[in-house]
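Respectively, the protein sequence lines represent chains C and G.
Just add 2 to wherever you are in the first sequence, counting from 1, and you've got the numbering used here.
Just add 2 to wherever you are in the second sequence, counting from 1, and you've got the numbering used here.
I should point out that these hints are in silico values taken from the structure, not numbers from a laboratory.
Any given hint might turn out to be false.
Derived CB-CB ranges, DEER-like [said to hold, decoys possible]:
(1) C/Thr380 <-> G/Asp148: 48 to 58 Å
(2) C/Asn94 <-> G/Ala188: 24 to 34 Å
(3) C/Phe6 <-> G/Arg211: 39 to 49 Å
(4) C/Asn94 <-> G/Leu121: 52 to 62 Å
(5) G/Val185 <-> C/Lys689: 19 to 29 Å
(6) G/Asp148 <-> C/Asp89: 53 to 63 Å
(7) C/Pro442 <-> G/Ile199: 45 to 55 Å
(8) C/Ser652 <-> G/Lys186: 56 to 66 Å
(9) G/Leu124 <-> C/Arg196: 45 to 55 Å
Each residue gets a CB set at the ideal place from its N, CA and C atoms; glycine is no exception.
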Amino acid sequence: MGEFKVHRVRFFNYVPSGIRCVAYNNQSNRLAVSRTDGTVEIYNLSANYFQEKFFPGHESRATEALCWAEGQRLFSAGLNGEIMEYDLQALNIKYAMDAFGGPIWSMAASPSGSQLLVGCEDGSVKLFQITPDKIQFERNFDRQKSRILSLSWHPSGTHIAAGSIDYISVFDVKSGSAVHKMIVDRQYMGVSKRKCIVWGVAFLSDGTIISVDSAGKVQFWDSATGTLVKSHLIANADVQSIAVADQEDSFVVGTAEGTVFHFQLVPVTSNSSEKQWVRTKPFQHHTHDVRTVAHSPTALISGGTDTHLVFRPLMEKVEVKNYDAALRKITFPHRCLISCSKKRQLLLFQFAHHLELWRLGSTVATGKFLVSGKNGDTLPLSKNADHLLHLKTKGPENIICSCISPCGSWIAYSTVSRFFLYRLNYEHDNISLKRVSKMPAFLRSALQILFSEDSTKLFVASNQGALHIVQLSGGSFKHLHAFQPQSGTVEAMCLLAVSPDGNWLAASGTSAGVHVYNVKQLKLHCTVPAYNFPVTAMAIAPNTNNLVIAHSDQQVFEYSIPDKQYTDWSRTVQKQGFHHLWLQRDTPITHISFHPKRPMHILLHDAYMFCIIDKSLPLPNDKTLLYNPFPPTNESDVIRRRTAHAFKISKIYKPLLFMDLLDERTLVAVERPLDDIIAQLPPPIKKKKFGT
Amino acid sequence: MVQLRPRASRAPASAEAMVDEGQLASEEEEAEHGLLLGQPSSGAAAEPLEEDEEGDDEFDDEAPEELTFASAQAEAREEERRVRETVRRDKTLLKEKRKRREELFIEQKKRKLLPDTILEKLTTASQTNQNKSYLAVRLKDQDLRDSRQQAAQAFIHNSLYGPGTNRTTVNKFLSLANKRLPVKRAAVQFLNNAWGIQKKQNAKRFKRRWMVRKMKTKK
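Could you build the full structure based on these sequences and the hints that come with them?
As structure tokens, then:
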């Protein structure tokens, strides 16, 4: 393996935005998640919970509701008063329609999927008809006194329940008039000055309405008579979300203290037909408010202000009790937000509205020091890391992707409406920036940007599926070629990889597989056969021009570009299969790199480990220990040879956001400890613990 | 002895006004008037009153005049009718005034507006601009939208983090675990570095100056 000096970087101040809404789609087993900065992410739950698409956020968009309608259409509504439909194929927003009711607080799709209901700030409930290409306003229901904060359809589509401040109304859909108005107590068996906000309602098919409110109560109402049936006090703080399963035998609620409660319909005695709702399980996986929950057929999904997305499979619903039934927590992004310029030792960090450029520190530890230094020593810094540049984006849109060229002279980033290219000049210790103006319109809304190894070419993958090659020279650019989308739709996020000699360009992002283009001749060279799991990372090795692809189910393939077929090593690995612990890792591999002098080594990492695969060593089978750290030197050679296998895994640096080889003897590892993220979140609810 | 002022005549002040305008057609009214202008006479039940009112100053222990119920009722009804009449008249006057004003305004506005042809052109033109790259927005609408959005966000912030909610700082939250360990540890963010910034800066500057002075005197 060799010895490496590692730059351990912790100054990437990455704080993800809190989760505001989730919406689960049963047909395609996908989850749409919207965050407080306006980003909407789509997770494919059958592809190992991988984030396959995302729509970048916007400063003025404060999404408050998200829902799926028939035909896999995704709608969101927010405080700017607009209903937006997302185009999942073209990865952009189809249209935004103003509902003319002020800020929209809640939205629900009818059980048939053809109608959409929104609850607005002025107390009106508006019904929209979903037409094949747009939505159309149908009519208003009776206007209520205060804002409508939650909506729920009866499964038959005849009635709706609307939760407001201090009361719940039941409307008849046909006439649009309010049938019942149920007053909610401000406090459980008491008096309070604070108004009771009904954060969530759910309408069951037997006419029961379940409401959760800010006093910490879960209440059951009878909609036929408009009366309270049962009241549970479950928390000292707000209960902010509710989701009912499709079979209506269980529902889940999330509280502001971070606890998620599971309620189930159980028979009163073991052989009676009468059933009642009982609070069965509490789960404490969050530290802050749980603003949203969803109930899939086998799992409870929750997300909130602490930015984790938690999937808790229910033991009684899961058929096979294997690793699939374990808790999944998604905290770190599934794509790389950092790019590195190896020549100048620069790192470019991508935030939502700005970019930061840092130069790595250096140490003067010379040969003498290194020889005596042992494994794991910390070398003193002679020069600290330098914050060179803080580049703010113009406009309210979030940055989609960014990249710095390997020589460090070009920075490019893209938002939905514009593409920015900057030229950097370094004089001694100063840095000056110059923007290249008049970028062509087809470059905007890029999904991925990549510079070639010699920094003369820029590759841009746009969200229409086209791949653009731009020639950079001096301070100007010239559009060379555009590869049009091949067969297959633009499905997943696009990833690019370029070979170090500049001849080959690999692009994933269509359902037809990874395409490899010949850059010098500007034509398609070959296509790697399609695999049913999305690609999470790609890279082309120097000299051998082997394309290494990592998928979301933790499979790694190696494809030889000149030979147009999988390499022998890859075939061997596929025949034997990966170690079961390797396949059970729950974070995707986000970056792959190579050693310039050792062609048999592949360096890859995910959030909790980094691994160097040595192709010359034998592969581990299921019985060998996968994670075997460096054995002590006094072990005999025989044992060392027996336990040595190809996968050298290290878990020293975690949680890892980025890891790369700067040169032959230096690695850079960007870590982001979870405590640093939590320290910058909004205040949580106070918890009283005995003895403090 | 309390000197009572001479009692005002029972006749209402507007009687004169009534006489000017109104037409006392019915005999009843005349009779009423007569009754009122003179001394109030009562029905069979009442007793006749004093005729001489100016004698009140001398005879101050006289009983006050007595009024019958019927006369008082008649008086009140008369009063009511008169008030109603005046109000109705005032209203009609105002209505007429308003109508005239409204017509005047419409005339003025018409004169101010552009001729209809140009207006029609504008309305049709605004629909065709949708496929261009710009968007015409009324600033007034945008301000209203922004203010509503701000109000909505303020509502959410108040209901989740405002007064009455039981929130604590992240530092205290993370330090709870430290307090319950078998070996108690300090809080996660034990030092408050934002304390006394000005004082620390002054101290630093003073130290630097003092060092320089010391060096000088040493030499």
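Okay, the hints, checked on the actual structure:
1. For C/Thr380 and G/Asp148, the Cβ-Cβ distance of about 51 Å falls inside the hinted range of 48 to 58 Å, so the restraint holds.
2. Between C/Asn94 and G/Ala188 the CB atoms are about 51 Å apart, so this pair departs from the stated range of 24 to 34 Å.
3. About 48 Å separates the C-beta atoms of C/Phe6 and G/Arg211, a value consistent with the hinted range of 39 to 49 Å.
4. For C/Asn94 and G/Leu121, the hinted distance range of 52 to 62 Å is not satisfied, since their beta carbons lie about 37 Å from each other.
5. At about 22 Å, the CB distance of G/Val185 to C/Lys689 agrees with the hint of 19 to 29 Å.
6. The supplied range of 53 to 63 Å is broken by G/Asp148 and C/Asp89, whose beta-carbon atoms lie about 27 Å from each other.
7. Judged by the Cβ atoms, the range 45 to 55 Å given for C/Pro442 and G/Ile199 holds: they are separated by roughly 50 Å.
8. Between C/Ser652 and G/Lys186 the C-beta distance comes to about 34 Å, which lies outside the given range of 56 to 66 Å.
9. The given range of 45 to 55 Å is respected by G/Leu124 and C/Arg196, whose C-beta atoms sit roughly 51 Å from each other.
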